[in-house]
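Colleague: Listed below, chain by chain, are the residues.
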Amino acid sequence: MASYSTNEFKNGLKLMIDGDPYSIVECDFVKPGKGQAFTRVKIRNLKSGRVVERTYKSGDSVEAADVMDTEMQYLYNDGEMWHFMDPNSYEQIAADATAIGDSKQWLKEQDMVEVTLWNGSPIAVVPPNFVVLAVTDTDPGVRGDTSGGGGKPATLETGAVVRVPLFIDIGELVKVDTRSGEYVGRAKD
Amino acid sequence: MPARFSRLIPEVSEPDWKPSASPELLAKRAKFLRAIREFFYTRDVMEVDTPVLTHAAVTDPHIESLQTQINSGGKSEQFYLNTSPEFYMKRLLAAGSGSIYQLGKVFRNDEQGKLHSPEFTMLEWYRVGFDHHALMSEVDQLMQFLLHTETADRMRFLDVFEQFAQVNPFTATVSQLQACAKLNGIDLSSPDMEKDDWLALILTHLIEPQLGQDRPVFIYDFPASQAALARLHQQDTYITAERFELYYRGIELANGYHELSDSTEQRKRFEQDIQKRSDAGKPIYACDETVLAALAAGLPDCAGVAAGVDRLFMLSEKLEHIQQGQSFISGS
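In the order they appear, the protein sequences are chains A and B. Everything in the first sequence is counted per our numbering, starting at 1 for the first residue and increasing by one. Everything in the second sequence is counted per our numbering, starting at 1 for the first residue and increasing by one.
Please keep in mind that the hints were generated in silico from the structure rather than gathered at the bench. On a predicted model such as this, the values are computed, not experimentally measured, just so you know. Don't be surprised by glycine CBs; every beta carbon is placed ideally from N, CA and C. There are no misleading hints in this set.
Now the stretches of chain A that chain B is said to cover, found in silico as 3 or more residues with beta-carbon under 8 Å: (1) 19–30; (2) 33–44; (3) 56–70.
The shape of chain A in the complex, shown without the other chains (with noise of 0.2 Å):
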């Protein structure tokens, strides 16, 4: 299996820790000027999200976690696990709910999206920064308003909830920021 030094740890290298597929988020080199040197990280956990520090002794070794990010097609959700297509190779695979997360609710058929590959199965899914979505309810909207101050709840057809300014009406399209699940705009077909 293949292992890195913690020379060449760096932001964004995956590593196995406790049986768990790891991606280092911040990383620093602490030496006193006499004496032992140690390489602390702080380490998100791939399959939790959850981010804990850990120190090594500078020189050890850490397994690599084989884990690979992979550009994929939404297809559908039959029920219990969501299924992405690779492009490439129109290779499909399942996620199952721990997987997908909180990402379900941006999830539109078609949609491109970053699929986390641990050994071949998928352990997280990213969405697109920006996605495209129809309002399936929301109150009637306020003609002549465009200011948007105010606003009031929307939900969009892959069932999230997101304030929308108070002109918008039902079966419009908007754009959505998945990071913030703030509203962006109006969007055209």
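Fit chain B to the supplied structure of chain A, relying on the hints for placement.
Modeller: Showing chain B alone in chain A's frame:
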């Protein structure tokens, strides 16, 4: 150019030739270096500039030398870049130089981070007739002169560990230090360490960030096992090293000794270092016979200290990363 040719030319981004520090910041650095020289000039301490290249790599088990070759007379000779000018300066002292200081580049392999750079500017000075307490006072004066600090605190190694980690560093066992680290949320993935390594872990992770927040603080009277090149003395029930370190705003700035002048004891320590390097599977180097010969010939009673100039400048200008105050990042 016809459009059909332009796409054949690969896109080359222009090399980033610009310095990492602004001309204004570099002017401040120049003023900073000048102030250091002024400090020693008024104290009648002589500036020296000893070679960067040396035949003997440092034997310290935790410092790695960079190496290079010099070709002369058809032969290729192995040299190392100094990790500190200490041994050359001690040879000057033994030859009767009197008190001396040096501002120069030193090199250390495998050290890179917010506070570490593989090459950095070191200020090292030796005071004939001083012990480590007298030298701490002078380091304090330099701090006040350069960084306008208040009078520094002084704490024994023992007191620092008792106050910040509730553990006695002299009597604690490895498993007690392990428990102390764990209790304080330090999650270490390399459990096979000796006692001094555990002390280093607790010092760097738990104690150091809290040290010297308002004013600089000296830690002194280190455990004998961390004496490096300092003299030992009996203090109460413990044997301690006449060594000190300076911290300010959570950053280690200087390391000083009442210098060991006994060449037999020094050889013993070099040999212990070499044994530790060998046990750890690190490259082994012969000890520097020239500095041992100088000690045997007679090193005057003196104290010496090395301070990281880039870190001092970081604090002076409130920089976040050591490289922000350097003209260029090495090799960039």
